[in-house]
Structures are given as structure tokens and as C-alpha cells.
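Throughout the sequence shown, residue numbering follows the working numbering, covering 2 to 792 in sequence.
None of these hints come from the bench; they were simulated from the model. Be aware that one or more of the hints could be misleading.
Claimed, not checked - Here are the computed lysine to aspartate or glutamate pairs in the EDC-like style, where the Cα-Cα straight-line distance is at most 20 Å:
1. K503 <-> E527
2. K703 <-> D681
3. K504 <-> D542
4. K703 <-> D491
5. K221 <-> D189
6. K209 <-> D180
7. K569 <-> D542
8. K209 <-> D144
9. K735 <-> D542
10. K209 <-> E171
Since this is a predicted model, take the numbers as computed values, not measurements.
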Amino acid sequence: MAPSDPADSALNQLVCNHIFNDSSLRWILHADGTVDATNERAAAAVTTDSHDTVFWEGEWWAGGDRQQLQSAVQTAATGMEATYETSAWVADSQRSTVELTIEPLSDSKLLATAIDISERAQLAEELQRSEELHRVTLNNMTDTVLVTNDAGEFTYICPNVHFIFGYTVEEIAAIETVDQLLGEELFDPDTLDQEGVLTNIETTSVDKEGNEHTLLVNIKRVDIQDGTTLYSCRDITTRKQREVAVSVLHDTAQQLMYAETAAEIATKSVDGANETPGFSGVAVYQYDDAINTLVPIAVTEPHMTFASVTAVPVGDNILSHAFLDSSLRVDSLFHSGHDQICVPIGDHGVIVFDPSDQNPGEVTIEIAELFAATVEAAFDRVSRDARVRERDQWLQTKNTQLQRVNEINRLIRTVDQDIIAAETRQEIEQAVCERLVSEWFAFAWIGETADNSQPITPRVWAGGDSGLLDAIEREYDADEPALSAYRSGDTVWVSNIAEDPKKAAWRKHALRYGYQSVVSVPLSFEGVIYGVLTVFSASPDTVESEIRAVLTELGETVGAAISAVARKEALYDDRVTVRTYQSGTPTGVFGRLATATEATVSLTGISHQQAETDIYVELDGCSADTALSEAISLTDIVDGSIVSETSTGGVLQLQTTSTVLPVVLASHGVRVREFVTTPDSTHITVAIVPPTSVQAVNTIIKNQIPNVQLQSQTEQLTSISDPQETFKSELTTKQYEAIQTAYHAGYFAIPREATGQEVATVLGISPQAFHQHIRAAHKKLYQLMLEATAI
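Could you put the whole structure together from the sequences, leaning on the hints where they help?
Here it is in C-alpha cells:
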């Protein structure tokens with residue numbers, strides 16, 4: 002440091018020595034503020050020579066500090082010490098917080114000292130931030146801190162005390178002791194003195210609004226001013242509520258595991274909900290899809306706070322919206338002045354919770370949802386178990402039915418073998434009845450009647466005596482199963498005869514003989530009923546649909562067998578009933594052709610195969626070409642050709658897929674001797690050979706020809722053997738078709754009206770094949786005529 006005044010050298014030397022021994026920044030100033038001298042540290046802190054510079058304009062300071070620095074210098078010049086805290090360059094590239102002190106050194110000199118206080122300033126700033134953080138934390142944390150003296154009087158109350166207790170700090174202070182707030186005997190003072198701290202003490206306290214809170218309290222011995230005991234209180238009401246709810250839910254879920262019905266689930270659910278905190282009542286509504294209504298099946302007893310509970314039809318109401326939308330609803334359901342919580346339980350219904358609070362909070366709603374989910378799971382399980390049981394029962398029933406059907410099918414196969422072995426109708430019917438009672442039914446019989454107004458007359462029976470049949474035959478009963486089946490042509494059954502024993506006389510007779518179920522099946526073939534098969538069982542409900550179907554099929558099989566026997570017997574029976582019928586209405590494909598051509602159509606021949614039938618018709622009153630064209634246009638005719646032509650008509654071969662009356666009659670052993678149709682009439686003559694009944698033939702014809710009337714009936718005797726049928730039975734289908742077509746074409750006329758080539762063309766075969774068929778037919782005809790063994 003260089004002295005500026007030689008006279009002051011001694012003083013300056015003394016000051017410099019003092020400055021150099023210090024780590025602070027020091028300046029000697031004139032009274033006007035100019036720098037007279039600096040110590041080495043102050044000089045090193047700036048880059049320029051600071052001698053004679055104005056102190057407050059020096060490089061050490063920030064521009065914003067000049068006014069305050071000048072004011073401090075002026076204060077020191079008046080003889081008073083001035084102190085100012087600011088920031089300054091204390092070294093090269095180092096700026097720190099300093100405490101600047103300016104004090105008078107003499108009348109014309111001042112001493113300025115800057116002490117680095119950056120560490121102290123940082124600590125003070127951190128302390129200030131810590132105090133601010135502590136204050137904000139105390140104001141916003143949910144835990145409440147209280148400090149009391151040995152007498153329990155409050156010495157400190159946390160500002161956030163209102164979070165738990167609802168009171169202000171002043172209101173808490175007005176309470177005499179902590180015991181009045183947290184309860185007496187909260188802890189043992191001796192234990193606290195010994196341990197120093199007690200944790201997780203659970204207690205309850207009532208807030209300013211009267212609501213009870215569950216608190217978790219930690220207590221510690223302290224020495225804070227006059228306080229000796231610190232209380233840290235945490236509100237665990239929500240957690241406690243959840244814990245209790247979870248415990249109740251667990252117990253309820255355990256009980257619901259053993260519930261087997263919806264009513265049991267609902268009752269156990271209501272009991273569990275009543276033990277759950279936050280609810281004063283609960284009701285379980287089950288959806289009844291039969292009446293589209295939510296029906297209460299369990300309700301809190303003895304009385305719910307939301308008054309009476311009744312069924313609610315699904316519509317525009319809160320319960321329905323919750324159920325249909327599968328969404329939770331919080332609304333006033335019963336006009337009780339506060340809201341209820343409506344929670345859907347899947348497709349099963351809705352559960353309604355009546356909360357203890359008028360405005361249920363999130364926790365209460367959450368618990369309600371959890372509880373409803375538990376109840377829904379129980380309903381799902383019971384529904385699933387019910388479906389499984391129903392499925393198992395259904396499968397068991399089906400297995401039983403299948404076993405029965407298999408047994409019946411095996412029985413039917415055996416019956417079929419018996420039918421094949423039988424040669425007469427009596428043998429067929431007797432074999433069927435005996436086989437049915439040998440393995441399955443208690444009694445079986447077959448009967449017939451010629452008039453729907455008369456009882457069924459028994460033909461054969463098996464399994465018991467005829468007492469039941471005698472009783473049924475004596476008393477005509479229109480509802481008797483056999484007569485009903487004959488009249489309707491359908492299977493008739495009664496699963497439980499004992500259901501209404503006085504309903505009909507036949508029921509009393511059947512029960513008297515120990516029969517409890519019955520099935521009657523018509524023995525029919527192509528619309529003709531030959532009789533009725535009736536079977537009785539000693540047990541009820543043994544005539545399931547599968548068994549009825551098998552018996553119905555058996556009835557058709559027996560009907561076909563009886564028809565086949567009738568056709569066979571017709572070949573050798575010398576009795577024949579000839580009946581002639583007349584109708585004023587054209588019938589079937591013949592009638593439509595007669596109407597279209599305005600001609601007389603006569604059937605001259607027929608050849609029936611499985612899918613198609615070739616019919617030969619003679620027309621009188623229309624050309625063959627016109628008749629063929631009209632015939633082909635009919636939906637029943639699939640093909641046709643001209644066999645021969647005359648001046649007034651001709652013979653056509655027509656192919657049809659529809660069932661024609663002559664074929665139906667032939668299948669029952671009835672021969673059609675004449676079939677003539679005009680645009681306004683139908684004439685038919687048939688020959689009926691036993692055992693085919695006249696009544697059966699009459700039924701077939703009346704079903705086919707509208708308004709038909711019997712014109713005549715004669716009884717005739719024929720030879721034992723019908724040569725035509727015998728000869729026809731010796732021919733193949735192709736051979737018979739060939740000679741039939743050749744005959745109607747005039748091939749056998751003298752002279753020939755058609756060549757073999759022409760007939761072959763009509764048949765759709767080669768001339769060689771035609772001649773082979775003709776020669777084979779001739780040979781069989783000669784054998785029939787000349788050889789005795791041919792018959």
C-alpha cells in the first residue's frame with residue numbers, strides 16, 4: 002500500500018499492518034468516498050487500480066448497490082458506523098455475500114471492511130426455507146400433531162387440526178385437556194416413561210359435526226418449551242371401514258359358497274351387508290323375466306330406513322336404469338330424503354344399499370360395488386350349477402331314453418323278422434303282440450272297426466286276458482285311444498292314465514287291470530288303416546316321444562305287411578267284390594288331361610316303378626298330337642310319347658311322378674277294371690279280394706275322388722288263380738313294359754299297326770332289345786299255357 006500523505010505515514014503503516022493480518026477486504030477512504038488505500042485482497046479482487054476511485058463505483062460492487070453504498074459512506078462520514086449486506090467480488094471470478102462495515106477512522110479518513118458471510122447467508126436461507134416448508138407441511142398434512150404438558154394441557158396445536166376434528170386451533174385450545182379430545186386412559190404413563198414412545202394406539206374420537214373417526218395415535222416423551230408429551234394423530238376411518246368391509250365380505254363370501262338357491266344368497270347377503278359399516282339397510286331385487294319385474298327377495302329387517310319395498314316393473318325408473326344399463330346409480334330411490342346406492346348384479350337383478358350418511362362418499366360406494374360383485378359371483382355360481390345339474394339330468398334322461406329306444410329298436414328288428422316269417426295277417430298280428438309284451442309292455446292288442454261310430458273289435462292280444470277288451474268293447478267311448486287313433490290316423494297316447502281316472506270309462510278299466518300308460522298306433526299303408534295296435538304299460542310316463550316314434554314306424558311296417566299279404570291272398574282267393582263308383586268331378590292327372598283336351602280319357606295300362614309311373618291312356622275326341630302337347634304341359638307329366646293314333650284320338654304313354662289312384666289301389670291288392678274320366682265326370686270299377694276290406698277301399702277312393710258315389714256292388718267268384726296276375730308275376734318289369742307298349746301300339750294287330758322299330762323308339766331301346774323282350778314274354782306265356790308246373 003502506498004501512502005498518499007507523508008505526514009500520515011505512521012498511521013497508515015499501523016493500519017496497513019492491521020489490514021494485512023486479516024482475511025477481509027479493507028479500504029481506507031477519504032471522507033468524500035474516494036479510495037485512499039486498499040489491502041492486498043481487495044486489490045486482487047479487481048482488475049484495475051482503484052486508487053482515487055469513488056468507493057461505491059468500484060468494480061467490487063453491482064450497479065444496483067451504489068446508492069446504498071454511498072449512503073453508508075455518508076453515514077460513516079458523520080461519525081456513525083454503517084453496516085450493509087450485499088454481494089461483492091472477493092477474488093478473481095468469485096462473488097460472495099459480504100457484510101460491509103464503514104466506520105470513521107479519523108476526521109478525514111474512513112475504514113471500510115467487507116467480511117465474507119456467504120456460508121452464514123446460505124445457512125440462514127436454508128433455515129428460512131426449512132421453516133417455510135415446515136409451516137406449509139403442518140398446514141397441509143392430514144396427520145395432526147399436538148403437544149401437552151404433564152397435566153395434559155395443550156402447549157402446541159398443529160394448524161391443520163381441522164382436517165380430523167373439524168375444530169379450529171382456538172376451539173381446540175378451549176378444550177381443557179387432551180383426554181377430552183382423544184379419550185381417557187389412552188395410554189399408560191409409566192409404560193410411556195419406560196419406552197419413551199408408544200406407537201399405533203387405536204382410538205375413536207367424535208368431530209365437531211358429531212361424526213366418529215377411528216384414529217391411530219403415536220405418543221412420545223419430548224422436551225419442547227413447556228411441552229412434555231407429543232401426540233401424532235392419523236385418521237384411519239376410511240382404512241378401518243375398508244378393513245371391516247373386507248372382513249365382512251370374506252365371511253359373507255364363505256357363507257355364500259354354500260348357498261344353493263337365489264333366496265338363500267339374498268338372505269345371507271342382507272345379513273352380511275347389515276354388519277358392514279356405512280350401511281343402515283339393504284334390499285336385494287331379483288329379475289323375474291316371466292313378468293319383466295324386479296322383485297325384492299330379501300330386505301333388511303325389521304324395518305329399512307327407506308320404508309316399504311315392493312316389486313318394481315322394468316321401465317323408466319332408477320332401478321330399471323341401473324339394471325338395464327349395467328351401471329351404478331346413486332339417487333333418492335324411496336323419497337327418503339337422502340340417496341341410495343343401486344348396484345346391478347349382472348343379469349340377476351339389483352342390490353340397493355341405504356347408506357348411513359345422507360351423501361355417501363367414494364369409500365361407501367366402493368364397498369357397495371365390492372359387495373355387489375361378491376353377490377353377483379354367488380348368483381353366477383348358483384345359476385351355473387343349476388345349468389350343470391339340468392344338463393346332467395337332461396343327459397341322464399336322454400341316456401335312459403336312448404337305452405329304451407335301443408331296446409325298442411332291437412325289439413322292432415325282432416318283430417320285423419317275425420313279420421317276414423308270417424304268412425297270414427293273423428300270424429303277423431299275433432307275432433307283433435306277443436313280441437311286444439315279451440320284453441317291454443304289459444299288454445298289447447290289435448283291433449279293427451268298419452265304422453268310426455262303433456268300438457274297435459279286438460282281433461288278437463297278448464300279455465293278459467281279454468277282460469279289459471270286453472269292458473272297452475261293451476262301453477263305446479269316443480275318447481278311447483284305439484278308436485281315437487283309428488279316427489284321426491295319428492298316434493294317440495296317455496302318459497299317466499291315473500291323472501284323471503274319472504274322465505273316461507276306459508281309464509277306470511285300465512287302472513283296474515294295473516295299466517298306467519297307453520299308446521295306440523294306426524296300422525296304415527298309403528292312407529288305408531287296417532287296424533290299430535294298442536300297448537299298455539304298468540308304469541306311468543313310459544311312452545316318451547322316441548318310443549312313440551318307433552311304435553308309429555312299427556305301425557306303418559305292420560300295415561305294409563298286411564297289405565302285402567292281402568295282395569298275395571288276392572291271387573288265390575276265389576271271392577271278389579266288384580264296386581263301381583261315379584263322380585261329377587274329373588279327378589287327378591286324368592281329369593286335368595280330360596279337361597284340357599275336352600276328350601274322354603280311359604286308362605288302358607300302367608307300369609309302376611319306384612320313382613316314376615308309366616300310364617297308358619286312350620283318348621277319344623282329341624288328336625294324339627294335341628293330347629300329347631296338353632299332357633306335357635301338365636306339372637304332373639314329366640315325359641310322354643304317342644303309342645298309336647286313330648281318327649278320333651289315340652293311345653299315349655305318359656310318365657308321371659305323382660301318385661295316381663290305380664297304383665294306390667293296386668298296392669292294396671285291388672284291381673282297377675275300368676277308369677274313365679271326362680271333362681265333367683269320373684267313372685271307376687274295382688275288384689276287391691279279401692282280406693282287403695271294402696271299407697279300406699272305400700276310404701282310399703273317397704280321399705282321391707271328390708263327391709264320389711257308389712253306383713253298384715256285386716259279389717263274384719273267380720278261379721283260384723288269376724292267369725293275368727300269374728303271367729305278369731313271371732315277367733320282368735322291362736318285359737311287361739315291352740309287351741304292354743307293343744299291344745297298345747298295335748304291334749300284335751293283323752295287319753300290324755306299328756313296327757318293332759317304332760315300338761322300340763317309343764320305349765327308348767334298340768329294336769334288338771325289343772325283340773328279345775317279346776321273345777322272352779312269348780316263351781313264358783307258352784310255358785304257362787302248356788306246362789302244368791307253370792302254375
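Tested hints:
With a C-alpha separation of about 37 Å, the suggested pairing of K503 with E527 is violated against the 20 Å cut-off. Restraint check for K703 and D681: the C-alpha separation of about 17 Å stays at or below 20 Å, so the hint holds. Annotation: proposed proximity of K504 to D542 holds, straight-line Cα distance about 18 Å (limit 20 Å). As the CA atoms of K703 and D491 are separated by approximately 19 Å, the hinted pair is consistent with the 20 Å bound.
For the proposed pair K221 and D189, the alpha carbon gap of about 12 Å is at most 20 Å, so the pair holds. This hinted pair checks out: K209 and D180 have alpha carbons roughly 16 Å apart, not beyond 20 Å. Restraint check: the Cα-Cα separation between K569 and D542 comes to about 40 Å, which exceeds 20 Å; the hinted pair is violated. Only pairs whose Cα atoms come within 20 Å are accepted, and K209 paired with D144 is accepted, the gap being roughly 17 Å.
Among the hinted pairs, K735 with D542 is inconsistent with the structure: their alpha-carbon atoms are about 53 Å apart, more than 20 Å. Proposed proximity of K209 and E171 is supported: the alpha carbons are some 13 Å apart, at most 20 Å.
Checked against the numbered hints given earlier, this structure breaks hints 1, 7 and 9; the rest are met.
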